[in-house]
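Student: Residues per chain, in single letters:
There are 4 protein chains.
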Amino acid sequence: MALLQKSIDKRTALLKATLCLVNSGGVQSASMAKVAKMANVSPATIYLYFDSKQDLVNQLYLDVKTSFAASAFKEYCPKAEVKTNFEKIWLAMATYKLTNKEEASFLSQSDNTPMIDEATRQEGLKQMQPLFDLWTQGQKEGLIKDISPYLLYAYSIYPIAFLMNMECRGICPLDKKVIAKAFEAAWDSISLK
Amino acid sequence: MALLQKSIDKRTALLKATLCLVNSGGVQSASMAKVAKMANVSPATIYLYFDSKQDLVNQLYLDVKTSFAASAFKEYCPKAEVKTNFEKIWLAMATYKLTNKEEASFLSQSDNTPMIDEATRQEGLKQMQPLFDLWTQGQKEGLIKDISPYLLYAYSIYPIAFLMNMECRGICPLDKKVIAKAFEAAWDSISLK
Amino acid sequence: MALLQKSIDKRTALLKATLCLVNSGGVQSASMAKVAKMANVSPATIYLYFDSKQDLVNQLYLDVKTSFAASAFKEYCPKAEVKTNFEKIWLAMATYKLTNKEEASFLSQSDNTPMIDEATRQEGLKQMQPLFDLWTQGQKEGLIKDISPYLLYAYSIYPIAFLMNMECRGICPLDKKVIAKAFEAAWDSISLK
Amino acid sequence: MALLQKSIDKRTALLKATLCLVNSGGVQSASMAKVAKMANVSPATIYLYFDSKQDLVNQLYLDVKTSFAASAFKEYCPKAEVKTNFEKIWLAMATYKLTNKEEASFLSQSDNTPMIDEATRQEGLKQMQPLFDLWTQGQKEGLIKDISPYLLYAYSIYPIAFLMNMECRGICPLDKKVIAKAFEAAWDSISLK
DNA sequence: CATGAATGAGATTTCATTCAT
DNA sequence: AATGAATGAAATCTCATTCAT
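Protein chains in written order, with the numbering used here: chain A, 1 to 193; chain B, 1 to 193; chain C, 1 to 193; chain D, 1 to 193.
Hints in this document: simulated from the structure, not taken from any laboratory.
Keep in mind the model is a prediction, meaning the values are calculated, not measured.
It is possible that part of the hints are untrue.
Pair ranges (Cβ atoms, derived) [what the hints assert, rightly or not]: (1) D:K53 <-> C:T95: 36 to 42 Å; (2) B:N40 <-> D:D63: 39 to 45 Å; (3) A:A13 <-> C:S7: 23 to 29 Å.
Quick reminder that beta carbons are idealized off the backbone N, C-alpha and C, glycines included.
Whenever a hint applies, use it, and build me the whole structure from the sequences.
Tutor: Take a look at the structure:
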């Protein structure tokens, strides 16, 4: 058990190191040697936890995406109203991205780069299922536009990533007011009327 | 003249090869050797046209961004109405991205990856100036929400990239109907009322 | 222990290979690939022991200079007479250069070439301190001309390198008689009377 | 004739550029491209004047050695006394090295480095013939020690190079007094009594 | 379980040289 | 005579991965 604990710590340290390095210089700058050094282990040790660099990055992606989804849907309540639920989820997502900038930045890189396996990406997408369900419900109730969930995602969720990037680069600070305006825009783009 | 022409051809071939390789596997997989081979020149020749790999990628970014902007603003007419102009620009952008998928895919990668110099990125941003001007005008006329241009961009322009990615991966085909719906969502997100 | 021993062996083999290659064709002809092959390791292995080619050459310089100084001053005895001491040192130096031609040849190259860092060169110079001290003592005792140590070095020590070069090129063989004459010339150039 | 003149200028410019570059970073840093640029010609032009890089360096060596010898023996008068003649030559050499530091530095590099062909080096050595003749004369007259000319050279001429190097590195400035002391040491090392 | 050492393959970049003009 | 463009070969250095311990 002590050993297992230790192992989990190392796995976590390795993922954390990878996250940090990929963020600051892309996948190419996250060499296994640097990852190992930052996680205070030997390069060889990485291969006890991951099959390859590709596997390391994929697992990181899944881990982060899962933690992102967990945060997003924590307060999701199937019985509540659609808009209320959407707002909760949207805010939770925005909050997660503001609070966990490294993770957010990594996800936005992964989404636009061939660095993650297609299969893994699909796996990550499944985590968003509750949101898709909510939209279907909203469409049935005539609250949300009857368009493809990809459009809904593109207009109501995806923009958050752009705003995050701007914030991280110091170009556009995100305070509560801006967040509120952003949510408004998100809702306006997908809601009927 | 013959010499100069030849040179321009090679430069173009090199940029084209880089574009193609970066798209299929990220910057890291676009090795100078592969780029050279695909452009049918010796690796050493690349350095007659570009200072370094970084310079090659930066110049590609600027070239593509410039061609994108040229297409986007081709029919922009300062005297026309704001919404008409915005629609023209938006459609031109969408058309460009649908017609030049490689370029579009490259731009979306560049925007979320540390592969382009910050300075070069800023340079590229300037190309979007006419759009910013249009928004300012729209805000004065009370047609467009009084929010930061970054928000406007995030909600009305940035989503196009997401839709492109989905189309490229065969997940969400973009026909005229979807495009129309997308524009609607874009306009709804930023317009007043 | 086994590991450490092995490491020292490899470091030594790499330095030895570099020495040999630099001697036969200058720094430029001592490519990392050739050094690696001659030391029976992979090129990558070199970088486990040295930071860069520059570092490799610098360390070689320091190693050789140190071993040279060790030989030179082995029998140096502060209590003995100045001339006796000088003769011992001078002969030890000449003997070292005759016995270790590769090292001697390398040192004479280093001293006239921009291949060694200035800092490293200074470091190497410190090894000659006992000789400088001896000269100072000799000057106090009125045995040695009251001139800059650089002049003393130029006339009594530096010429050995020239003779070595000639010997190596088969131009001027150095037997005991010649050595004796050479020492005489050295002493005549720096001694008073 | 105009053409010939032009050619000589270019040859000179190329040699000058090579001299400068070899001095500041060794042969390896004097790439043909850099030499061409510094001489304001195309790389291809170099090959109209020299067969190869090796040939370029060899010819530079011979040119410099010849100009050095010309200066050294300008005032040499077979009828004058040995010591007078030697002093004239020695001073002319020292003066040349002080006045033409670039050339001097290059010569001292060439003499200790495998960068010059052995054949070319021999060729250069011939230029020193008048000095060897003078020594022979001096030995006959019982003024100069009866030792190999290589010893004589090593002790009376070679040290100048060392002093030059020190001066160039700012370690040991050479004023008239030091020069006088240096000559004294030179003469003491080779003269009888 | 953990590692330091080792490496073959490959990355970016430079170089001496040639050739069409 | 002169050149700018081009290049194959090679230089330095890095990397993902393995293996003996």
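Student: All the hints need checking, so say for each whether the structure fits it.
Tutor: Structure-based check of all given hints:
1. In this structure the supplied range 36 to 42 Å holds for K53 (chain D) paired with T95 (chain C), their Cβ-Cβ distance being about 38 Å.
2. Evaluation of the 39 to 45 Å hint for N40 (chain B) and D63 (chain D) yields a pass: the beta carbon distance comes to about 44 Å.
3. A hinted range of 23 to 29 Å holds for the C-beta pair A13 (chain A) and S7 (chain C), which are about 28 Å apart.
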